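Go by the hints and put chain B onto chain A.
There are 2 protein chains.
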Amino acid sequence: MPKFKLPPRLPFRRLGIAGLGLIGGSLAKAFSPLAGLEISVYDSDPNTLEEAGRIRRFKKATGDLEEFLGFDLDLAYLCMPVHRNIEMIREMGRRKYGPAVTDSGSTKSATNLAALEAGLNYCGGHPIAGKEVAGFSNSSGDLIRGCLFILTPDERFGRPQKELFGRLKALHELLECDIRRLSPAEHDRVYSVVSHLPYLSAAALAGTVQRLEGFPALPYAGTGFRDSTRVGASPPEKWVAVVMDNAENLTRDLGALIDVLTEMKTLVSGRKRPELFELLDSIASYRRKLPEKEKKSYRLK
Amino acid sequence: MPKFKLPPRLPFRRLGIAGLGLIGGSLAKAFSPLAGLEISVYDSDPNTLEEAGRIRRFKKATGDLEEFLGFDLDLAYLCMPVHRNIEMIREMGRRKYGPAVTDSGSTKSATNLAALEAGLNYCGGHPIAGKEVAGFSNSSGDLIRGCLFILTPDERFGRPQKELFGRLKALHELLECDIRRLSPAEHDRVYSVVSHLPYLSAAALAGTVQRLEGFPALPYAGTGFRDSTRVGASPPEKWVAVVMDNAENLTRDLGALIDVLTEMKTLVSGRKRPELFELLDSIASYRRKLPEKEKKSYRLK
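Chains A and B, in that order, give the protein sequences.
In terms of the working numbering, the first sequence opens at residue 1354 and continues consecutively.
In terms of the working numbering, the second sequence opens at residue 1354 and continues consecutively.
Here chain A stands alone, though its shape is the one from the complex (with noise of 0.2 angstroms):
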């Protein structure tokens, strides 16, 4: 009887990456050592190109789109701005691309779409995880593992959308991720609130601070305004095209927003004390729900 558990088969041998900003640099990071997995990168950046050559992990890198189209891949994984992971789909329509295809863009919708259309054998997916800042330099493995992983599956993909949808859970399972599953619709309308929303929200505060005509607030600024506007900090690349890519949820998730402010202030206004507690205590029952927790921690062995 053997004494140890036999580590699951890899899904994927060969993996191209493409685009290493925080998310695909922090993916290629975290694949790279696993033993049978072979990574190589695409990026449009000479130095960020320089820079991932550098750590010696990736078996080929290209800044030409045409070569990382024809390496000899069995997952291609983007990971650039939704609007060029888009733009890159269309090409691989146009060619016939053959090898699977996912991206782990912050919106889905419009992405699936694209790959609908474009007659490729793709399932979305989105690693719930970032930083207040951009670029491979500041990528990391730690930031993948062990975080909430939500993947997109559309049925009128049919059947090989069921297959690869299996491998991709696997695949980031070897990452200890938590793995869920949303329909992109789905995914894009809980994404706008927990995660769109907030940026904005966080943006709206920090510029709200700013406008004070005369007043420098900011130092006397404490833990509160610094947890509440740290996404607010974020490079606004990033945010500006996941914000226009779900622009329909977000608008109305901004006036539901302004909604609960405008009752709030009318409450202020008014000085209706036990109106205003009713509300706050409601919202902090509702809050306090969400717990406290770290993500999984990954401990290699």
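Bear in mind the hints are in silico, worked out from the structure with no lab data behind them.
Here the structure is a predicted model, which means the values were calculated and not measured.
Don't take each hint at face value.
Since the list gives no way to pick out one identical chain from another, each pair is judged satisfied if it fits inside one copy or across any two copies.
Stated by the list, open to error - DMTMM-like mimics (lysine to aspartate or glutamate), calculated; alpha carbons at most 25 angstroms apart, straight line:
| # | residue 1 | residue 2 |
| --- | --- | --- |
| 1 | K1591 | D1580 |
| 2 | K1515 | E1529 |
| 3 | K1591 | E1628 |
| 4 | K1618 | E1485 |
| 5 | K1515 | E1470 |
| 6 | K1484 | D1634 |
| 7 | K1515 | E1444 |
| 8 | K1484 | D1580 |
| 9 | K1625 | D1612 |
| 10 | K1515 | D1531 |
| 11 | K1618 | D1580 |
| 12 | K1642 | D1580 |
| 13 | K1522 | D1495 |
| 14 | K1412 | E1444 |
| 15 | K1591 | E1631 |
| 16 | K1625 | E1601 |
| 17 | K1484 | E1539 |
| 18 | K1522 | E1539 |
Just chain B now, with coordinates in the frame of chain A:
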């Protein structure tokens, strides 16, 4: 020649702390190890008093207001909710209370006015420290040590306050606090935007998710949502008192926040990508001016 620097003289010897909640308890725990300082405490809750007794650090502990007001003190430090501090200040005025008085309340204008009318030797203070949990059992000396600390003198108090200001500054410097000075009105103006508005904004964001019918979005939340709404889980008792006491500033600041969000909503719904980028980029640059520093850490040698 002495080889060590003499420790500073104690600015007060007999301290009375009224209200052993998170802040009062933390102040009591931070001051109590200082040699030569004698601390007596008051709290209206018998369980809190019993808990405070168990740590064996206080000279006297009472649940009787009369008794507390009769203690022979150099400084009465009021750490109850703002409206209760004001009630005690009025009672002190009626009794021509002799010892110096300060308070740790999150708003300063109303308390300052009450102390002026009561003819007390008073100067307000505000330790910029907090947690999402309340009460003596969650208090800790470490919460106060090294924190930003605002003193709010008002020239209408005249010469005795100048001397009290200096002694309060020296007292909190024993805890390595970073002391700054604002008038009570400036204080309430600044903390409306950097503390009270972020609380309401965090609560409004959590409230928006709460109101999403049929979408249990909370289980999908990542770090961004957690950070942006953390303070919204705080017990609302304290916050409602603060918000009501600072209602005028907050009504204006809630209006300013709603304006920024409405501007964002217009840009998002109109798919105005460059304009949205410009707005968010300017805010991100502003927010990055706030260093992600830890508070000064206090180490016992």
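To see whether the hints hold, each was checked on the structure:
1. Taking the shortest Cα distances, K1591 and D1580 sit within 25 angstroms of each other both inside one copy (20 angstroms) and across copies (19 angstroms).
2. Proximity of K1515 and E1529 under a CA criterion of 25 angstroms is satisfied intra-copy only: 21 angstroms inside one chain copy versus 61 angstroms between copies.
3. Proximity of K1591 and E1628 under a CA criterion of 25 angstroms is satisfied inter-copy only: 15 angstroms between copies versus 39 angstroms inside one chain copy.
4. In this homomeric assembly, K1618 and E1485 come within 25 angstroms of each other (Cα to Cα) only across copies, at 23 angstroms, whereas the closest approach inside a single copy is 30 angstroms.
5. In this assembly of identical chains, the alpha carbons of K1515 and E1470 lie at most 25 angstroms apart only when taken from the same copy (18 angstroms versus 75 angstroms across copies).
6. When the C-alpha separation of K1484 and D1634 is checked against a cutoff of 25 angstroms, the pair qualifies only between copies, where the shortest distance is 17 angstroms, while the shortest distance within a copy is 30 angstroms.
7. Taking the shortest alpha-carbon separations for K1515 and E1444, only the intra-copy value of 24 angstroms comes in at or below 25 angstroms, while the best inter-copy value is 74 angstroms.
8. Taking the shortest Cα distances, K1484 and D1580 sit within 25 angstroms of each other both inside one copy (13 angstroms) and across copies (12 angstroms).
9. In this assembly of identical chains, the alpha carbons of K1625 and D1612 lie at most 25 angstroms apart whether taken from the same copy (17 angstroms) or from different copies (23 angstroms).
10. In this assembly of identical chains, the alpha carbons of K1515 and D1531 lie at most 25 angstroms apart only when taken from the same copy (19 angstroms versus 59 angstroms across copies).
11. Taking the shortest Cα distances, K1618 and D1580 sit within 25 angstroms of each other both inside one copy (22 angstroms) and across copies (23 angstroms).
12. For a Cα distance limit of 25 angstroms, the shortest separation of K1642 from D1580 qualifies both inside one copy, at 19 angstroms, and across copies, at 14 angstroms.
13. For the homomeric pair K1522 and D1495, the shortest alpha-carbon distance inside one copy (18 angstroms) is at most 25 angstroms, but the shortest distance between copies (44 angstroms) is not.
14. Taking CA atoms no more than 25 angstroms apart as the test, K1412 paired with E1444 passes inside one copy only; the shortest distance there is 24 angstroms, against 78 angstroms between copies.
15. For the homomeric pair K1591 and E1631, the shortest alpha-carbon distance between copies (13 angstroms) is at most 25 angstroms, but the shortest distance inside one copy (38 angstroms) is not.
16. Proximity of K1625 to E1601 under the C-alpha cut-off of 25 angstroms is restricted to the inter-copy arrangement: shortest distance 13 angstroms between copies versus 34 angstroms within a copy.
17. In this assembly of identical chains, the alpha carbons of K1484 and E1539 lie at most 25 angstroms apart only when taken from the same copy (24 angstroms versus 34 angstroms across copies).
18. Proximity of K1522 to E1539 under the C-alpha cut-off of 25 angstroms is restricted to the intra-copy arrangement: shortest distance 19 angstroms within a copy versus 55 angstroms between copies.
Comparing the model with each numbered hint stated earlier shows that all of them hold.
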